[in-house]
Each structure stands twice: as structure tokens, then as C-alpha cells.
Amino acid sequence: MHCALKFCSYWRSKRLEAFRFVVLCAVMGVAGCSGLEPVAAWERGYLAEEGMQWQSSAREAKFEGHVYTSKEASSGGNGAAGGGCGCN
Amino acid sequence: MLNFTVYVTKALGGLLVCILFSAGVHSSPSSKQDALPAPHFSLPAIANTEGAISLDAFKGSVTYVDFWASWCGPCRLSLPALDAIYRDLAPKGLKVMAISVDVVEEDAWDFLARYPVTYPIAIDTEGSVPKAYAVNGMPSGYLIDREGRVRAVHVGFKRGDEDALRAEILQLLEE
Numbered sequence: 000m001h002c003a004l005k006f007c008s009y010w011r012s013k014r015l016e017a018f019r020f021v022v023l024c025a026v027m028g029v030a031g032c033s034g035l036e037p038v039a040a041w042e043r044g045y046l047a048e049e050g051m052q053w054q055s056s057a058r059e060a061k062f063e064g065h066v067y068t069s070k071e072a073s074s075g076g077n078g079a080a081g082g083g084c085g086c087n
Numbered sequence: 000m001l002n003f004t005v006y007v008t009k010a011l012g013g014l015l016v017c018i019l020f021s022a023g024v025h026s027s028p029s030s031k032q033d034a035l036p037a038p039h040f041s042l043p044a045i046a047n048t049e050g051a052i053s054l055d056a057f058k059g060s061v062t063y064v065d066f067w068a069s070w071c072g073p074c075r076l077s078l079p080a081l082d083a084i085y086r087d088l089a090p091k092g093l094k095v096m097a098i099s100v101d102v103v104e105e106d107a108w109d110f111l112a113r114y115p116v117t118y119p120i121a122i123d124t125e126g127s128v129p130k131a132y133a134v135n136g137m138p139s140g141y142l143i144d145r146e147g148r149v150r151a152v153h154v155g156f157k158r159g160d161e162d163a164l165r166a167e168i169l170q171l172l173e174e
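Chains as they are written, first to last, in numbering that gives the first Met the number 0: chain L, 0 to 87; chain S, 0 to 174.
Derived from the structure by calculation, the hints contain no laboratory data.
One-sided and incomplete, this derived list gives chain S residues near chain L with beta-carbon spacing under 10 Å:
| hint | residue |
| --- | --- |
| 1 | Phe66 |
| 2 | Ser69 |
| 3 | Cys71 |
| 4 | Asp106 |
| 5 | Gly126 |
| 6 | Ser139 |
Please read all numbers here as calculations on a predicted model, not as lab measurements. C-beta: ideal position from N, C-alpha, C; glycine also.
Go ahead and model the full structure; you've got the sequences and the hints to work with.
Shown next, in the form of C-alpha cells:
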């Protein structure tokens, strides 16, 4: 309790106005990230385009996946199916 | 200078609170009293009719407005299912129209060649109408009553959804 009061008085001291301002600016900066809008549902077609895929070549990726699964004797874990339309 | 800093700090704090509390506001109307009016639009037709398709043309009828896209997997199920409902219930007064949100019109044509439907199809390459309807998934359907109010919203589509949709439409047709 004593520590809390001490911190409170320290926080309220005039000398720390600038410090409080900087802290609030930093919080605002972080909170600003929450205002970033997700891709709109009707624009998610862009996510399904070839240029948005992790691999440059779907055929090559399939071949590499086949080699990987036969070497590791396991499959899956490479993401989920779907074009990213955000439904179902 | 000190006063100015205090004022700025308080203003930024207030703004922060506003931002945090305004995130994630969402509503979905269902009852007749709460239902919001459907936003009006006029879009170019690409199939089953000519010229422009306007929501005003469907005034006084129970109308289902469906948003879809060629890249949307579940739309391969929803369009034929909706077409079956339309062909069954059109004699009872149901109107259906669909809006493609494809950026490239040819993509919509290719999709319709594979999954043909009989109801009118419009296209909105700018995305202004889905924005007005606050579409948050593909496909999204809006069931509009005779007074032009949105009574139900369907997001996504899976096998079996057509039965629930048909029941909802029938209920609205009987009102």
C-alpha cells in the first residue's frame, strides 16, 4: 500500500509531466495497431491469388511435400485448405 | 507549456478510451421492429436480365440478395441451392438477385458457365454495395421483407442450410 501511494505521488509530480506524455504516446502507438482493419470479405479474392501464396510454384511445392512426407513418414501441418473467404 | 502538455495528455487519453471502446461493434437485426432498411443500390446486370438491377425494382416483394464471388468455395453450393429455392418459390412471390463481388467480370462469367442459375445477377467491381451491407463473409445473403427491411442475414453456406433458409423465406412470404 505504501509503495502504491509512493508510486502515485511520484506519477503525479509535476516533474514527470513529460514522462507521462511519452508513456501515453507509446500506449497510443500500440493501441493504434488495434485500429488496423482486416481484409474486407469481398476483397479476400486477392488472398487466393497466385502471387499471395507462400510458394512460387504450386507444382514444385506439391513435389517437395511428397518428398518430405515420404522421408518423415508423416503428413499434414502445412496449413488448411480454402481460399481465405472467411466462411464456414 | 506545462498546461498545454496536461491538456494534450488528457485529450490523447480520451481518444485512446474512444478507440478501445469503439472496436468490434456489430449488430444483426432479426425481429420486425429491430430490422434495418436495406441500403439501395443500382448495379449493372451480367446475367439473366439486361441493363441495371436496382433494389427499388423489387419493392413490395420478399427479396433475397446474395453476395458471392468466383473465388468463394461454398458459393459452388449456395448458388445452385438458392436457384432451386427460387424456382420453387418464385410463383409465391419470392424475388432473388445475386451480386458478384469479383473484380474481373470474366471470372464471374466463367463461374456462372459452370454453375448456371436463373435469377438475375449483377456485379459490383468497386465493392461499394457489400460495404454498405457490411458483408463479413462469402457468401452472404440478406433476406428483405416487403417493407424493404433486412430480416435475416446468412453468412457462409454448407449442405443443409437451404432447408433453414427455405423455412425462413416461407415464413416471410406468409406474413
